[in-house]
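Q: Chains as they are written, first to last, in my numbering: chain W, 92 to 301; chain Y, 50 to 212; chain V, 16 to 372; chain R, 4 to 103.
Hints in this document: simulated from the structure, not taken from any laboratory.
Among these hints, one or two may not hold up.
[As the list claims (entries may be wrong)] Here are the computed lysine-lysine pairs in the DSS-like style, where the Cα-Cα straight-line distance is at most 30 Å:
| hint | chain 1 | residue 1 | chain 2 | residue 2 |
| --- | --- | --- | --- | --- |
| 1 | W | Lys281 | W | Lys269 |
| 2 | V | Lys348 | W | Lys115 |
| 3 | V | Lys372 | V | Lys199 |
| 4 | V | Lys348 | Y | Lys208 |
| 5 | W | Lys271 | W | Lys188 |
| 6 | Y | Lys69 | R | Lys90 |
| 7 | V | Lys199 | V | Lys26 |
| 8 | V | Lys81 | V | Lys295 |
| 9 | V | Lys199 | V | Lys295 |
| 10 | W | Lys278 | W | Lys168 |
| 11 | W | Lys278 | W | Lys190 |
| 12 | V | Lys212 | V | Lys372 |
| 13 | V | Lys81 | W | Lys168 |
| 14 | V | Lys95 | V | Lys81 |
| 15 | W | Lys190 | W | Lys271 |
| 16 | V | Lys352 | Y | Lys208 |
| 17 | W | Lys269 | W | Lys288 |
| 18 | W | Lys288 | W | Lys168 |
| 19 | Y | Lys70 | R | Lys90 |
| 20 | Y | Lys208 | R | Lys90 |
| 21 | W | Lys115 | W | Lys271 |
| 22 | V | Lys352 | W | Lys115 |
| 23 | Y | Lys208 | Y | Lys70 |
| 24 | Y | Lys70 | V | Lys95 |
| 25 | V | Lys199 | V | Lys212 |
| 26 | W | Lys115 | W | Lys188 |
| 27 | W | Lys271 | W | Lys168 |
| 28 | W | Lys115 | W | Lys190 |
| 29 | V | Lys295 | Y | Lys69 |
| 30 | W | Lys288 | W | Lys190 |
All of these numbers come straight from a predicted model, not from anything done at the bench.
Spelled out, the chains give:
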Amino acid sequence: MSYELNYTVGSIPLDKLKPKKVRKNIELTLWERLYIPEIARGMIVTTRHFIVNMVGFIFPPEGKKRKIFTVYYPEEKLTIHVAYRGRPVLVQREDGKEKCIACGLCERICPAFAISIIGGERQRGNDMERYPVSYTLDMSRCVYCGLCEEVCPYEAIVMSNEYEGLAEYDRENMIYPKEKLLVPVAKLQKRIEYVRKIYGKSNYDLRNMI
Amino acid sequence: MFYIIGGVAVLSALIMVTNKKPVSAAMSLIVVMFCLAGIYVILDAHLIAALQIIVYAGAIMVLFLFVIMLLNIQEKEGRVAKHKIFFQFTWILATGYVFINMVKLIGAGDLPARMEGNIDGFGTTRVVAEILFTDFLLPFEIASILLLAAIVGAVILAKAKIE
Amino acid sequence: MFAELIEAIAKILFIFGVNMGFFAPILGWVERKQSAVMQDRIGANRADILGFTLIGLLHPLTDTIKILTKEDFIPAGANKLFHTLAPFISLTPALITFAVIPFGGQYEIFGHRVNLVIADLDVGILFIFAFASLATYGSVLAGWSSNNNWSFLGGLRAAAQMLSYEVAMGLSIIGIIMVYGSLKLTEIGAMQVDLFKWGIFLQPVGFILFLTCAIAENKRVPFDIPEAETEIVAGYFTEYSSMKFIMFWMAEFLEVVTISGIVTTLFLGAWHLPFVSGEKLLSLFGFAGPNLSIVLLMLTNIATFFAKVIFFIWLQMTIRWTLPRFRYDQIMKLGWKIILPLALINIFITGLVMLLK
Amino acid sequence: MVPLNHYLILSAVLFSIGAVGVFTRRNALIIYMCIELMLNAVNLTFIAFSKFLNNMDGHIFTFMVMTVAAAEAAVGLAIIISMFRNKETVNVDEINLMKG
Numbered sequence: 092m093s094y095e096l097n098y099t100v101g102s103i104p105l106d107k108l109k110p111k112k113v114r115k116n117i118e119l120t121l122w123e124r125l126y127i128p129e130i131a132r133g134m135i136v137t138t139r140h141f142i143v144n145m146v147g148f149i150f151p152p153e154g155k156k157r158k159i160f161t162v163y164y165p166e167e168k169l170t171i172h173v174a175y176r177g178r179p180v181l182v183q184r185e186d187g188k189e190k191c192i193a194c195g196l197c198e199r200i201c202p203a204f205a206i207s208i209i210g211g212e213r214q215r216g217n218d219m220e221r222y223p224v225s226y227t228l229d230m231s232r233c234v235y236c237g238l239c240e241e242v243c244p245y246e247a248i249v250m251s252n253e254y255e256g257l258a259e260y261d262r263e264n265m266i267y268p269k270e271k272l273l274v275p276v277a278k279l280q281k282r283i284e285y286v287r288k289i290y291g292k293s294n295y296d297l298r299n300m301i
Numbered sequence: 050m051f052y053i054i055g056g057v058a059v060l061s062a063l064i065m066v067t068n069k070k071p072v073s074a075a076m077s078l079i080v081v082m083f084c085l086a087g088i089y090v091i092l093d094a095h096l097i098a099a100l101q102i103i104v105y106a107g108a109i110m111v112l113f114l115f116v117i118m119l120l121n122i123q124e125k126e127g128r129v130a131k132h133k134i135f136f137q138f139t140w141i142l143a144t145g146y147v148f149i150n151m152v153k154l155i156g157a158g159d160l161p162a163r164m165e166g167n168i169d170g171f172g173t174t175r176v177v178a179e180i181l182f183t184d185f186l187l188p189f190e191i192a193s194i195l196l197l198a199a200i201v202g203a204v205i206l207a208k209a210k211i212e
Numbered sequence: 016m017f018a019e020l021i022e023a024i025a026k027i028l029f030i031f032g033v034n035m036g037f038f039a040p041i042l043g044w045v046e047r048k049q050s051a052v053m054q055d056r057i058g059a060n061r062a063d064i065l066g067f068t069l070i071g072l073l074h075p076l077t078d079t080i081k082i083l084t085k086e087d088f089i090p091a092g093a094n095k096l097f098h099t100l101a102p103f104i105s106l107t108p109a110l111i112t113f114a115v116i117p118f119g120g121q122y123e124i125f126g127h128r129v130n131l132v133i134a135d136l137d138v139g140i141l142f143i144f145a146f147a148s149l150a151t152y153g154s155v156l157a158g159w160s161s162n163n164n165w166s167f168l169g170g171l172r173a174a175a176q177m178l179s180y181e182v183a184m185g186l187s188i189i190g191i192i193m194v195y196g197s198l199k200l201t202e203i204g205a206m207q208v209d210l211f212k213w214g215i216f217l218q219p220v221g222f223i224l225f226l227t228c229a230i231a232e233n234k235r236v237p238f239d240i241p242e243a244e245t246e247i248v249a250g251y252f253t254e255y256s257s258m259k260f261i262m263f264w265m266a267e268f269l270e271v272v273t274i275s276g277i278v279t280t281l282f283l284g285a286w287h288l289p290f291v292s293g294e295k296l297l298s299l300f301g302f303a304g305p306n307l308s309i310v311l312l313m314l315t316n317i318a319t320f321f322a323k324v325i326f327f328i329w330l331q332m333t334i335r336w337t338l339p340r341f342r343y344d345q346i347m348k349l350g351w352k353i354i355l356p357l358a359l360i361n362i363f364i365t366g367l368v369m370l371l372k
Numbered sequence: 004m005v006p007l008n009h010y011l012i013l014s015a016v017l018f019s020i021g022a023v024g025v026f027t028r029r030n031a032l033i034i035y036m037c038i039e040l041m042l043n044a045v046n047l048t049f050i051a052f053s054k055f056l057n058n059m060d061g062h063i064f065t066f067m068v069m070t071v072a073a074a075e076a077a078v079g080l081a082i083i084i085s086m087f088r089n090k091e092t093v094n095v096d097e098i099n100l101m102k103g
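Same shape as in the complex, but just chain W (with noise of 0.2 Å):
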């Protein structure tokens, strides 16, 4: 199953899209040599900028938004995209247990050593399965790669799409026990499949195919 991606360029699709003429090696003209007339130029469109904006700060047009970027950041928040990588969560099943399995791939590959397990065996209907005894995520170590996520066999370990209040006073604060990590998997639905998509996982899901 191959996943295709569609790109836009504000409204125009990339397979349509026309490259632009970029000037290598530019030899400038005499009017541009002069210099001044250039900085005049690029100062006119400061300026225009400040004016305009200037106006809109003093009367503010209504209804209109005014053209500027700044998000209020505490108050107003951007709506985070799926593909966002934020905090790395465990996830849990609707039973309330966690779906890893203690397999140690992530633990392997984690480019920063922050993740460490201890695995167990436990009953679950009449089969036994592996779980992790203890599963400890060190925050301060973590660079937020993702590799946990791409190489688990399970989707038990996801990129959730936190990103506030990871940063502590205390080291021993930022050392992730397996409790605080464990989201329920009903919020984690979308980034999941997402992960499904972009790394061909949903083929080999063996939990889904027992």
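Fit chains Y, V and R to the given chain W structure using the hints.
A: Only chains Y, V and R this time, still in chain W's reference frame:
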């Protein structure tokens, strides 16, 4: 006022001569230049005082500092050879002798008493310029040629690459 | 004698208060806010007292408190004396140069003659150049004494750049001196009564050259290679913190004000309003009696002067936020190969025109 | 009012200090600085005489001396730079060859 400035000038000059670090020496020389500019102001030579700061403190000494920093001279002056110490001592004695004679001359010579009254606008730009561009026009032009020669010489000297 | 003393103290206090109390803190705010407005942003507006943010005007205050309570740090291996001295050397010229810039004409108030300049020197412009050249030492020494490679590079660049542009700046101003025939800034200001006697109309080339050189002397963008933060951290003041850092910062902003003052005095008609002469204003203020009308005229002139200064500050800020930084070789090329010959040609043509007149 | 001889003595002191520096120091840069100091001392004499004789010629001489000093500094520093390039030192004792 004169004595304060003069004292500071002499002190800084001594620091300059005795200091090991070139940068400190340059900075004390700048202080000397400043003091001299102050003395020029006392002597009503405002234009020369301004030029003193612009040319000496502003241009020449910055050039010195630039060169000191560019070459980054960290090495300390090594010990002087024995025979050279003797030479140096002789030189200091000779200079002292000359200095004593100068002071004697200054004390003995009948120096002109201070002239009464000043010429109109003594030391102002206008008066200096009038004399410079009438009586001293030829030296002025020669000085400009000298400067040109110095520019060319400096460029050629500094541009020469090691073979 | 007593009246003169009071006058002198009042003038010094006025200039000092305007510079240190108004311009130095407010320019930090202006720079942040103006750049924000120019770039479709909002800019600093979070510092508040009881919920009043005053469009970010409290930020200079909070910045000052924050910087002053920081540790004053002298790096290991630094030359302590020069490291401490350098910010003072930087700040002093910026403060002193304003002494010779007239911010108003001469007035007879209550039988007392008021000359609105702190020191009416015969060598006014040369005085400015003398102290502008001293500002070089501040940055060079700061760079050298910090015992840091970035600082050192910044100091070297500052020395080379400021030395080069001093020459060009001196030559670019000669034209205007020739036209007005005086070095005295009060005389030059008094001569620009008529709009068409303003320096900018008599010496347009000199104006552009001088403004360029002055900005280069001040080491601001596009000539900020001594402190290019993308290349050498912060250049010559990398190793500075606390009070000393704020002194470099203040020196830069005060120099912006000083440059605006000089340009206003030399090229933009000093304290004169265009089209409205002093006599006309005086007759306009006639209702207030002979003495008060002169006071009103004086205040108008001071306001005019500072309005022009503020315009030039705005212009310099606009330049600073519009242009990208020059490369080192480009700066040297511009200084020696373009501005210097242009200034010489300007002098030559000025002399020719004056001779033929 | 300060009499003329005090100016002259100050000038003599500075000149002597400069001379001692030229003779004893071996860093070429400092020797140049000492020469500048001597020139300055002479300038002071010129200006002092100019003031006391009420004659502006001293100013002109000072002007010329400054020109010469500037020229000398430019050429001298260029020489020092090329010297340093070739011999890696600015110690005048170690530069004892007329060529190279």
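Q: Indicate, hint by hint, whether the structure satisfies it.
A: Tested hints:
1. With a C-alpha separation of about 22 Å, the suggested pairing of W/Lys281 with W/Lys269 holds against the 30 Å cut-off.
2. Taken as a hint, the V/Lys348 and W/Lys115 pair is honoured in the structure, with Cα atoms around 23 Å apart against an allowance of 30 Å.
3. Distance hint between V/Lys372 and V/Lys199 is fulfilled; the C-alpha atoms sit about 24 Å from each other, no more than 30 Å.
4. At roughly 16 Å between alpha-carbon atoms, V/Lys348 and Y/Lys208 fall within 30 Å of each other, so this suggested pair holds.
5. For the given pair, W/Lys271 sits about 13 Å from W/Lys188 by alpha-carbon distance, which is consistent with the 30 Å threshold.
6. Taking the CA atoms of Y/Lys69 and R/Lys90, the gap is near 21 Å; set against the 30 Å cutoff, the hint holds.
7. This hinted pair checks out: V/Lys199 and V/Lys26 have alpha carbons roughly 18 Å apart, not beyond 30 Å.
8. Straight-line distance between C-alpha atoms of V/Lys81 and V/Lys295 comes to about 50 Å, which puts the hinted pair past the 30 Å bound.
9. Taking the CA atoms of V/Lys199 and V/Lys295, the gap is about 26 Å. The hint holds against a cut of 30 Å.
10. The straight-line distance between the Cα atoms of W/Lys278 and W/Lys168 is roughly 19 Å, inside the 30 Å bound, and the hint therefore holds.
11. With a C-alpha separation of about 14 Å, the suggested pairing of W/Lys278 with W/Lys190 holds against the 30 Å cut-off.
12. Restraint check for V/Lys212 and V/Lys372: the C-alpha separation of about 16 Å stays at or below 30 Å, so the hint holds.
13. This hinted pair checks out: V/Lys81 and W/Lys168 have alpha carbons roughly 28 Å apart, not beyond 30 Å.
14. Using a Cα cut-off of 30 Å, the hinted pair V/Lys95 and V/Lys81 holds, with the two alpha carbons roughly 24 Å apart.
15. Between W/Lys190 and W/Lys271 the alpha-carbon distance is near 15 Å, which keeps this suggested pair within the 30 Å criterion.
16. Restraint check for V/Lys352 and Y/Lys208: the C-alpha separation of about 17 Å stays at or below 30 Å, so the hint holds.
17. Proximity of W/Lys269 to W/Lys288 is assessed by CA-CA distance (about 27 Å); at most 30 Å being required, the pair is judged to hold.
18. Among the hinted pairs, W/Lys288 with W/Lys168 is consistent with the structure: their alpha-carbon atoms are about 27 Å apart, no more than 30 Å.
19. Straight-line distance between C-alpha atoms of Y/Lys70 and R/Lys90 comes to about 20 Å, which keeps the hinted pair within the 30 Å bound.
20. Note on Y/Lys208 and R/Lys90: the hinted pairing holds, with a Cα-Cα distance of about 16 Å set against a maximum of 30 Å.
21. Annotation: proposed proximity of W/Lys115 to W/Lys271 is violated, straight-line Cα distance about 54 Å (limit 30 Å).
22. The hinted pair formed by V/Lys352 and W/Lys115 meets the criterion: a straight-line CA distance of about 26 Å does not exceed 30 Å.
23. Taking the CA atoms of Y/Lys208 and Y/Lys70, the gap is near 27 Å; set against the 30 Å cutoff, the hint holds.
24. Between Y/Lys70 and V/Lys95 the CA atoms are separated by roughly 14 Å; this keeps the pair inside 30 Å, and the hint holds.
25. A C-alpha spacing of about 16 Å is found between V/Lys199 and V/Lys212, which places the hinted pair at or below 30 Å, so the restraint holds.
26. For the given pair, W/Lys115 sits about 60 Å from W/Lys188 by alpha-carbon distance, which is inconsistent with the 30 Å threshold.
27. With a C-alpha separation of about 24 Å, the suggested pair W/Lys271 and W/Lys168 falls inside the 30 Å cut-off, and the hint holds.
28. Distance restraint check for W/Lys115 and W/Lys190: the Cα-Cα separation of roughly 54 Å exceeds the 30 Å cut-off, and the hinted pair is therefore not satisfied.
29. Distance check on the hinted pair: V/Lys295 and Y/Lys69 sit about 66 Å apart at the alpha-carbon level, beyond 30 Å; violated.
30. Between the alpha carbons of W/Lys288 and W/Lys190 the distance comes to roughly 20 Å, so the proposed pair stays at or under 30 Å and holds.
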